[in-house]
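Colleague: Same order as they appear, the protein sequences are chains U and S.
Count along the first sequence from 1, then add 530; that gives the number in this note's numbering.
Count along the second sequence from 1, then add 530; that gives the number in this note's numbering.
Since the hints were derived computationally from the structure, they do not count as laboratory data.
Careful, some of the hints might be misleading.
All copies of an identical chain are treated as equivalent in the list; a pair is satisfied when it fits inside any one copy or across any two copies.
As the list claims (entries may be wrong) - SDA-like, lysine to any residue: derived pairs with alpha carbons at most 20 Å apart:
id: 1; residue 1: Lys917; residue 2: Glu771
id: 2; residue 1: Lys617; residue 2: Leu904
id: 3; residue 1: Lys703; residue 2: Gln749
id: 4; residue 1: Lys553; residue 2: Ala868
id: 5; residue 1: Lys954; residue 2: Met531
id: 6; residue 1: Lys553; residue 2: Glu682
id: 7; residue 1: Lys652; residue 2: Gly564
id: 8; residue 1: Lys752; residue 2: Arg951
There are 2 protein chains.
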Amino acid sequence: MNPIRVGLLGSGIVGSGVFNVLKRNRVEITRRAGREIVVTQICARNLEKAQALVGNDVKVVADPIQMATSAEVDVLVEVIGGTTISKQATLAAINAGKAVVTANKALLASHGNEIFAIARTKGVPVMFEAAVAGGIPIIKALREGLAANHIEWVAGIINGTTNFILSKMRSQKLSFEEALKEAQRLGYAEADPTFDIEGIDAAHKLTLLSAIAFGIPVQFSKVTVEGISTLQSQDIAYAEELGYRIKLLGITRRHENGIELRVHPTLIPARRLIANVEGAMNAVLIKGDAVGATLYYGPGAGSEPTASAIIADLVDVTRLFTADPEHRVPSLAFQYEALADTPILPMSEVKTATYMRLRVADESGVLADITRILADSNISIDALLQKEAEDGSSETDLIILTHVVKEGAVNAAIARMQMLRTVKSKVVRLRMEELS
Amino acid sequence: MNPIRVGLLGSGIVGSGVFNVLKRNRVEITRRAGREIVVTQICARNLEKAQALVGNDVKVVADPIQMATSAEVDVLVEVIGGTTISKQATLAAINAGKAVVTANKALLASHGNEIFAIARTKGVPVMFEAAVAGGIPIIKALREGLAANHIEWVAGIINGTTNFILSKMRSQKLSFEEALKEAQRLGYAEADPTFDIEGIDAAHKLTLLSAIAFGIPVQFSKVTVEGISTLQSQDIAYAEELGYRIKLLGITRRHENGIELRVHPTLIPARRLIANVEGAMNAVLIKGDAVGATLYYGPGAGSEPTASAIIADLVDVTRLFTADPEHRVPSLAFQYEALADTPILPMSEVKTATYMRLRVADESGVLADITRILADSNISIDALLQKEAEDGSSETDLIILTHVVKEGAVNAAIARMQMLRTVKSKVVRLRMEELS
């Protein structure tokens, strides 16, 4: 059989990984796929760098659209990032009847509905295993491996940079700023780390997971996002004292009346497997009604882990190449016409247990005032930790863990606490999940 | 489109799970598969029980071959177990051009080569996600999700019964016999637990994992198998003291000259995620050259977890139903004609680090004799723990951890130690793996 011809858009870390792994494992991949997968064209900003990567057998092309629509390309692999050229090239390839394999979560989270709709009319597959959790085959697991299940929730550590920072803050008692610097020094964080540390990258990925878990369109604009840049190491320490770890989780959960969609630092019981995922690793925990909880763990980024996911998609595309489009696995796991318009719940309707830290005056009556406010709001206290005032200080830390309660009620109670004279600084509020 | 019609062979725990989940999640599964999946016939030893399960809409059949070859059945789901009727019905279905989905590891581990060969000539898929690690989509992950990789090794906790027993022995300091009784009381172990506790069930599953990891035929007869029935709780305690946990692992690893294939109790560092998999849960760790290490965790048995895996296979079969057989995913992950005849290494050639416990006379010169034997055999000591003799005893425990060394050399050294007058009972030898 003729080889499947790949047009590789991007020659950076991921692009070079794809080229190198395809070359190194050519024989083994062909033994699996039944057909060779060959990069025939490459397009990159820096033509010389691209040429150096691919040698003389591969055509180096300057114009992404030209490559995406070339008669000598069967599949476009888009690893250039961004949402401008990547989108133009993706749509050009789809319109030319070519399959697309992409690692671009930002593109799909923001423009996925448009892209999948056009791909559907053209009958071409758009695959994105590499867009979520790097080398972990999480899209395939959720889309195909758990196809029997009514998915109840998905919770994942889906950003390696922030998990690295949180691991360092906990294990070495660093501040956020110190841990970020260490992450930058080791190449885990970019010079401008905003996308990672503010949770935006995780929100892109969660958007895709939520869509394929519940059969809904991608809805990035509806994700509630809180990053870790304001997280303080003392809260990590208090959490640990109470038997919890703090992880930046992407959480999406289905209820009768809608779907939760949120990224934020989260306290989880330290004994959970996912609480022990350290460093830049990723892990996704999925709860299905039939299977129960399953967990998927591995490297969430990097040249060859990402290439592993892209090439798995290429093998799938190769197998399906002559198949009837109606019988392919749908891009969003559910048949296009079967997508649902289940609403995304506003955050005020979301229920979680809550961790609060209050800096309070070390005087009598403080605890009575605060617990009264909670009682008035029907918020039950699950645990309470009052620290002794440090030597010479007239203030102390009060940590309260609440039972599960609506976010709106917690916000209202915190606003009232904040007005107490004895509450000396901004109340810290973190959400908790049992994940059981 | 017409529904896919399933003939369900077996109405026990797994069969009823398949029926119930297909029924409960009918709408959601159809939204994914694009086609309804309906049980149209059921065959079971106890016809009344089968009838009670399926109600009046499903035909209850007494003869498995009749159902397997029925014109009203598209796919045979084989969940009857054993290797006699299950094999006859599986081959009858394949010969009649029907797809087969099976949870039967014993059948495939022993007769897989024959079954896959006939399925290949008939162009029908034989799927077995449920045969390994229950609800975890590990077959799909390894066969498709990691298709880009040269797989280096696979190590898994793939028997829930033994993991439950080992967890109990460690956490509650029970003997093997006590923990087994508890497992039987809770339904985690059968009245005759031999298949589980002697590692045979794990060996069946490992046989399948090895085949799809490395593209080799199934070779159950070549698995080295040691169970946990002779494991003593003091070794679990000593392991813990040294920073290790003991798990029954199935391990298959590729070398230049052959493939390791072995099931045995194994010391692994307590800080590894897989070391913290407790109770009846399963987990499989896979090392690929591109992706690195990924881990898959979840329930390894039970009615609905197993049904989850079977129905995932049914959805795949549904999608591929009209596809050209040449473009389906091959049963053993690699194209049939691309299977390799890489030899399985004899155990004497396998290298591992080793844990030894010797019961020795509490007298001078003992340690010198033992370390001399190790030195003569070029076996380096990694750690040594000598316990004080218990009050009134003239014997004591000596624990030695060795560096990685060939099994044959360890066996020879142990044989020599065993002949020392000062070594008072059978030397306990356990293998260790770093899994890094």
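Colleague: Which of the listed hints are broken here?
Modeller: Numbers 2, 3, 5, 8 - these are the hints that the structure violates, sorted from lowest upward.
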